[in-house]
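Student: As a plain string of letters, each chain reads:
There are 2 protein chains.
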Amino acid sequence: MKIAIAQLNPTIGNLDHNAELILAAAQQAATQNVRLLLTPELSLCGYPPRDLLMQPAFVEQMARRLPQLAQDLPPQMAVLVGIAVSNPTAAQLGGKPLFNSTALLQNGQVEQFFHKRLLPTYDVFDDNRYFEPGSASEYFMLDGLRIGVTICEDLWNDANFWGKRNYAVDPLAELAAQNVDLIINLSGSPYSFAKQQLRESMLAQATQTYGQPILYSNQVGGNDDLIFDGSSVGFNRQGELVCRAQAFESDLMTVEFDPISRDLQPSSIAPQPQDNAEIWAALVLGVKDYMRKCGFSKAMLGLSGGIDSALVAALAAAAVGAENVLGILMPSPYSSDHSVSDALELAQNLGIQTQILPIGELMQSYDQSFAELFQDSEFGLAEENIQSRIRGSLLMGISNKFGHLLISTGNKSELAVGYCTLYGDMNGGLAAIADLPKTRVYALCRWLNAGDNPVIPEHILTKPPSAELKPGQVDQDSLPPYDLLDDILCQFVTQHRSPAEIVATGHEAATVERVIMLVTRAEFKRKQSPPGLKITDRAFGTGWRMPIASRWLPSSVPASPKIALPTRS
Amino acid sequence: MKIAIAQLNPTIGNLDHNAELILAAAQQAATQNVRLLLTPELSLCGYPPRDLLMQPAFVEQMARRLPQLAQDLPPQMAVLVGIAVSNPTAAQLGGKPLFNSTALLQNGQVEQFFHKRLLPTYDVFDDNRYFEPGSASEYFMLDGLRIGVTICEDLWNDANFWGKRNYAVDPLAELAAQNVDLIINLSGSPYSFAKQQLRESMLAQATQTYGQPILYSNQVGGNDDLIFDGSSVGFNRQGELVCRAQAFESDLMTVEFDPISRDLQPSSIAPQPQDNAEIWAALVLGVKDYMRKCGFSKAMLGLSGGIDSALVAALAAAAVGAENVLGILMPSPYSSDHSVSDALELAQNLGIQTQILPIGELMQSYDQSFAELFQDSEFGLAEENIQSRIRGSLLMGISNKFGHLLISTGNKSELAVGYCTLYGDMNGGLAAIADLPKTRVYALCRWLNAGDNPVIPEHILTKPPSAELKPGQVDQDSLPPYDLLDDILCQFVTQHRSPAEIVATGHEAATVERVIMLVTRAEFKRKQSPPGLKITDRAFGTGWRMPIASRWLPSSVPASPKIALPTRS
Numbered sequence: 001m002k003i004a005i006a007q008l009n010p011t012i013g014n015l016d017h018n019a020e021l022i023l024a025a026a027q028q029a030a031t032q033n034v035r036l037l038l039t040p041e042l043s044l045c046g047y048p049p050r051d052l053l054m055q056p057a058f059v060e061q062m063a064r065r066l067p068q069l070a071q072d073l074p075p076q077m078a079v080l081v082g083i084a085v086s087n088p089t090a091a092q093l094g095g096k097p098l099f100n101s102t103a104l105l106q107n108g109q110v111e112q113f114f115h116k117r118l119l120p121t122y123d124v125f126d127d128n129r130y131f132e133p134g135s136a137s138e139y140f141m142l143d144g145l146r147i148g149v150t151i152c153e154d155l156w157n158d159a160n161f162w163g164k165r166n167y168a169v170d171p172l173a174e175l176a177a178q179n180v181d182l183i184i185n186l187s188g189s190p191y192s193f194a195k196q197q198l199r200e201s202m203l204a205q206a207t208q209t210y211g212q213p214i215l216y217s218n219q220v221g222g223n224d225d226l227i228f229d230g231s232s233v234g235f236n237r238q239g240e241l242v243c244r245a246q247a248f249e250s251d252l253m254t255v256e257f258d259p260i261s262r263d264l265q266p267s268s269i270a271p272q273p274q275d276n277a278e279i280w281a282a283l284v285l286g287v288k289d290y291m292r293k294c295g296f297s298k299a300m301l302g303l304s305g306g307i308d309s310a311l312v313a314a315l316a317a318a319a320v321g322a323e324n325v326l327g328i329l330m331p332s333p334y335s336s337d338h339s340v341s342d343a344l345e346l347a348q349n350l351g352i353q354t355q356i357l358p359i360g361e362l363m364q365s366y367d368q369s370f371a372e373l374f375q376d377s378e379f380g381l382a383e384e385n386i387q388s389r390i391r392g393s394l395l396m397g398i399s400n401k402f403g404h405l406l407i408s409t410g411n412k413s414e415l416a417v418g419y420c421t422l423y424g425d426m427n428g429g430l431a432a433i434a435d436l437p438k439t440r441v442y443a444l445c446r447w448l449n450a451g452d453n454p455v456i457p458e459h460i461l462t463k464p465p466s467a468e469l470k471p472g473q474v475d476q477d478s479l480p481p482y483d484l485l486d487d488i489l490c491q492f493v494t495q496h497r498s499p500a501e502i503v504a505t506g507h508e509a510a511t512v513e514r515v516i517m518l519v520t521r522a523e524f525k526r527k528q529s530p531p532g533l534k535i536t537d538r539a540f541g542t543g544w545r546m547p548i549a550s551r552w553l554p555s556s557v558p559a560s561p562k563i564a565l566p567t568r569s
Numbered sequence: 001m002k003i004a005i006a007q008l009n010p011t012i013g014n015l016d017h018n019a020e021l022i023l024a025a026a027q028q029a030a031t032q033n034v035r036l037l038l039t040p041e042l043s044l045c046g047y048p049p050r051d052l053l054m055q056p057a058f059v060e061q062m063a064r065r066l067p068q069l070a071q072d073l074p075p076q077m078a079v080l081v082g083i084a085v086s087n088p089t090a091a092q093l094g095g096k097p098l099f100n101s102t103a104l105l106q107n108g109q110v111e112q113f114f115h116k117r118l119l120p121t122y123d124v125f126d127d128n129r130y131f132e133p134g135s136a137s138e139y140f141m142l143d144g145l146r147i148g149v150t151i152c153e154d155l156w157n158d159a160n161f162w163g164k165r166n167y168a169v170d171p172l173a174e175l176a177a178q179n180v181d182l183i184i185n186l187s188g189s190p191y192s193f194a195k196q197q198l199r200e201s202m203l204a205q206a207t208q209t210y211g212q213p214i215l216y217s218n219q220v221g222g223n224d225d226l227i228f229d230g231s232s233v234g235f236n237r238q239g240e241l242v243c244r245a246q247a248f249e250s251d252l253m254t255v256e257f258d259p260i261s262r263d264l265q266p267s268s269i270a271p272q273p274q275d276n277a278e279i280w281a282a283l284v285l286g287v288k289d290y291m292r293k294c295g296f297s298k299a300m301l302g303l304s305g306g307i308d309s310a311l312v313a314a315l316a317a318a319a320v321g322a323e324n325v326l327g328i329l330m331p332s333p334y335s336s337d338h339s340v341s342d343a344l345e346l347a348q349n350l351g352i353q354t355q356i357l358p359i360g361e362l363m364q365s366y367d368q369s370f371a372e373l374f375q376d377s378e379f380g381l382a383e384e385n386i387q388s389r390i391r392g393s394l395l396m397g398i399s400n401k402f403g404h405l406l407i408s409t410g411n412k413s414e415l416a417v418g419y420c421t422l423y424g425d426m427n428g429g430l431a432a433i434a435d436l437p438k439t440r441v442y443a444l445c446r447w448l449n450a451g452d453n454p455v456i457p458e459h460i461l462t463k464p465p466s467a468e469l470k471p472g473q474v475d476q477d478s479l480p481p482y483d484l485l486d487d488i489l490c491q492f493v494t495q496h497r498s499p500a501e502i503v504a505t506g507h508e509a510a511t512v513e514r515v516i517m518l519v520t521r522a523e524f525k526r527k528q529s530p531p532g533l534k535i536t537d538r539a540f541g542t543g544w545r546m547p548i549a550s551r552w553l554p555s556s557v558p559a560s561p562k563i564a565l566p567t568r569s
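These protein sequence lines map, in sequence, to chains A and B.
Just so we're aligned, residue 1 is where the first sequence starts under full-length UniProt numbering, counting upward by one.
Just so we're aligned, residue 1 is where the second sequence starts under full-length UniProt numbering, counting upward by one.
Bound conformation, chain A alone (with noise of 0.2 Å):
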């Protein structure tokens, strides 16, 4: 039995588009005399909807668009259509208004829902917001083979895997009794740096746990700040992966089921981009697809001459091509020489457009604006910032004049400890680089220019980093070496560990608290950054919720000895 699965790239909320994206890839797949289809999680209406789930006309429209689906797709395949439905019984016996559903499609009409069971509420995910859990694990009939339903979330339960479990029942575990054929899973998992490596792992235990093997079917595209990577898979009764269909890209996989040996066949196994290669696949995808979704086609954004929006500026042109890339550079009076040759060295490379509108004159009206306010203060952050905000209002000048997208540059060591001006460089729709620590962003560069076409100037990359806001000025006036900041900040906030606990890994504890403590207090800087593609298992976007008007501060950092903080390698 020849299965496929569509690997699709809906667009949330788009029904009608969506619905032809699984319509086109079965057609495409009858060609090839599959017999079932699989498409990704909620596929008809694109994972995450979030609280267009709230709107009875949306949930409705999904409801007649499913059986119009039916009736238009090839009547002898049966393909698997992620949907939200309603839980009649909500109101007579409590729950929630919905259910996370597959729907099996057959013979011209809508056979069998199956419950999504397991509902993350960590992180980005909101699933108990709106849907009520499935009260238990099914499969159905096809060719004589049992096959179960799973979705998502469904398969991350295994005990022996996590060394712990995560929700009372195991999904897997109850179709594995009912003795099922195959076990498959409709996804809509995010990407996060390495995650793959992970589900693989998993589901290699997870097959040779049962001796069940199990097709995996995840979405693929941006959504916000969620990027979903595809690499969907199967794996044999033994554990083996026997296929993968592409990463960060749309695909329609399929895979024989030999209904003697009652398993997967070994079939084509994409390759799976790794480290640099794989953070960069997947920010090109979220900056290409946000753009798209959102009905951009030119992208902008402010080259300073630094590292950050060198990076930026190579992913814009990667992800919609260089002569949709505008350039803008906004020089002071305290920007270095450098800071324009690099960046037109950087444009030059890139083959994109740029522009340049000093600030010179636009500094000197503000000075003149705040003479009598500020006539007895010194030049301080209140100055530093409004050259930032200058160069935010130019930007957005030129964002609202022509259209185009305003992509702001900013990373994660500088979002978290507050390193960034709030209506400044923080400005645009997307900040495709707010989940890359600082040290990241250098790999990243050094990772791309090791490739066939260097592009980043080496001078962009060895000078130190610097936000010239005054003369002389480089980030570690103000802020540990990128390499500690970034240690101390991923176990912060990733690894949620105590002041105490970092102290015992090395680091000094007045930086330790420091760094903590900019970290709180930037929050609200945060709250109205824009999405921030998500990379890691902690980002600053959907899946953070902190107090700003919060007086938390860890004070248990030990008495330490004092420890020199190394200079920067």
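Among the hints, erroneous ones may be present.
It does not matter which identical chain is meant; a pair holds if it fits inside one copy or across any two.
As a list, the in silico DSBU-like pairs of lysine-lysine whose alpha-carbon atoms are at most 35 Å apart [what the hints assert, rightly or not]:
(1) 288 - 401
(2) 2 - 298
(3) 164 - 463
(4) 470 - 527
(5) 527 - 298
(6) 470 - 401
(7) 288 - 195
(8) 527 - 288
(9) 2 - 401
(10) 401 - 527
(11) 298 - 164
(12) 288 - 298
(13) 470 - 164
(14) 298 - 470
(15) 195 - 527
(16) 2 - 527
(17) 463 - 2
It should be emphasised that the hints constitute simulated quantities derived from the structure, not laboratory data.
On the provided structure of chain A, position chain B as indicated by the hints.
Tutor: For chain B alone, kept in the frame of chain A given last:
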């Protein structure tokens, strides 16, 4: 037996401060021979602590603080304290790592824990992200009385009252079946308009149904976008209100429980503000607490001479004192004369300071910067927005220089349809009236003026609203009249009605479609807006989780005969 409710205003995460609030209330209660003291939900950490709960060090600090508090409390008093505690079987049985609990402190000990059973996940609530539901509703014995313990949402599942079940279990019914003498509830129930009436109706019905009195202890104070209104109450077994604490203020309320009649005795009933007075009190508290808890003593805002900034100036003056409020007037060549004179009159009425910073020269500087790039285009939205961004940058410059909190002045109607400038008039640390529709802004100002001290100049109330970003501009050039707009917005945003349903209430189909399109397209602006004080059931804050790059525009508006748009009344 004397019982007291400590209606506290904790600061999120400030465990020592919150413990001191509890202790001070207990000491005061001890002077009145109080036997049992209630505090609000999660009173030790403040509600909602959000992702602070993901830091193990935070949870551990709370766990250590509780027995210390127990030792410090008057030993003869039973005190109920809200705290998040570890779920010891989470890893083994599956489940969330914490319980949302009430601790019974007595005799210097932590004697017992009670866990919240119904975990809300709608609107602003994420309880299920952190907490495992408790599995049973229990009581404790005090002087021979059975006192049943519930936490907030546990009371909100009366199928008779709501006409439907919200959850599968009903803790209230379970406690009633155990023949408790009194049901107590520790709440962190955020304010929304007229919610107290709803709470009291619900509690009246519950006490009548089960014939058991209820004491309801609510948190008070502002925490980011949420305002907690206090108004803690008691209902006797006949369903009569016997006591009510202050609205929007900390309070210590005592009430007598008579062990013979096994009922609460009538006590003091604080007045409950209604309608505009209620909203006003809520907003003043929201501004005051955001400032206090973030460490600001002075506020500032842009004064345009319009009604929104007039209301926000009055709010700020009421919250922190007129002497701590600075209004900045930033007239442009397009500004009317009355924009300055009305603003100055307002400032004089309020007694706040002002500064005038004309923006004409800055506009010219931007024009010159853009001259070459914009040479082939006409004056349009880009230029209009520049004026707003100049003002936003001036305001932030002053805020940065002097450490004043900038309060933004946008209302809900403009935030809904995007009639506001990102990085311009949206700038600020707090959006004081972001959940007030424009028609409510007018109503609130008229109510304010009807009081002892009319402060809003009459001309501000009567002139047509205008952003004054080009000559002769008024809001209604771009938007439907506000009474129509607000009605459509209420139906679409709050009531989740479909376009067809809205049209059926008498609105023109084209207007409805246009408004819905504007709302959908403005999502990117709302994503970057400051926290806005929540006043309605459906605010654009933590409870609004809408995708940006999405394409659902309900297209089911039926063709309808042209309905003449009524002019503004």
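Student: Could you place residue 288 and residue 195 in one of the four classes (within, between, both, neither) given a Cα distance threshold of 35 Å?
Tutor: within (21 Å within a copy, 44 Å between copies)
Student: Indicate which option fits the pair residue 2, residue 527 if close means a Cα-Cα distance not exceeding 35 Å: within, between, both or neither.
Tutor: neither (48 Å within a copy, 45 Å between copies)
Student: Using 35 Å as the alpha carbon limit, work out where residue 164 and residue 463 are close: within a copy, between copies, both or neither.
Tutor: The answer is neither: 47 Å in one copy and 65 Å across copies each exceed 35 Å.
Student: With identical chains, the pair residue 288 and residue 401 could be close in the same copy or across copies; at 35 Å between alpha carbons, which is it: within, between, both, or neither?
Tutor: Only inside one copy: residue 288 and residue 401 sit 21 Å apart there, 39 Å across copies, limit 35 Å.
Student: Cα distance capped at 35 Å. Does residue 288 pair with residue 298 within a copy, between copies, both, or neither?
Tutor: within (10 Å within a copy, 44 Å between copies)
Student: State whether the alpha carbon distance between residue 401 and residue 527 is at most 35 Å within one copy, between copies, both, or neither.
Tutor: both (27 Å within a copy, 22 Å between copies)
Student: Since the copies are identical, ignore which copy is meant and state whether residue 527 and residue 288 lie within 35 Å (CA to CA) inside a copy, between copies, both or neither.
Tutor: both (24 Å within a copy, 20 Å between copies)
Student: How do residue 2 and residue 401 come out at 35 Å by Cα distance, when the copy is not named: within, between, both, or neither?
Tutor: For residue 2 and residue 401, neither the intra-copy (52 Å) nor the inter-copy (68 Å) Cα distance is at most 35 Å.
Student: At most 35 Å between C-alpha atoms: does residue 298 with residue 470 qualify within a copy, between copies, both, or neither?
Tutor: So residue 298 and residue 470 pass the 35 Å test inside a copy (32 Å) and across (28 Å) alike.
Student: Given identical chains, is residue 470 near residue 164, meaning Cα to Cα at most 35 Å, within a copy, between copies, both, or neither?
Tutor: neither (52 Å within a copy, 63 Å between copies)
Student: Is it within a copy, between copies, both, or neither that the alpha carbon of residue 470 lies no farther than 35 Å from that of residue 401?
Tutor: both (30 Å within a copy, 16 Å between copies)
Student: Within, between, both or neither: how does the pair residue 463, residue 2 come out at a Cα-Cα threshold of 35 Å?
Tutor: neither (56 Å within a copy, 71 Å between copies)
Consistency note: the structure conflicts with the earlier hints numbered 2, 3, 9, 11, 13, 16, 17.
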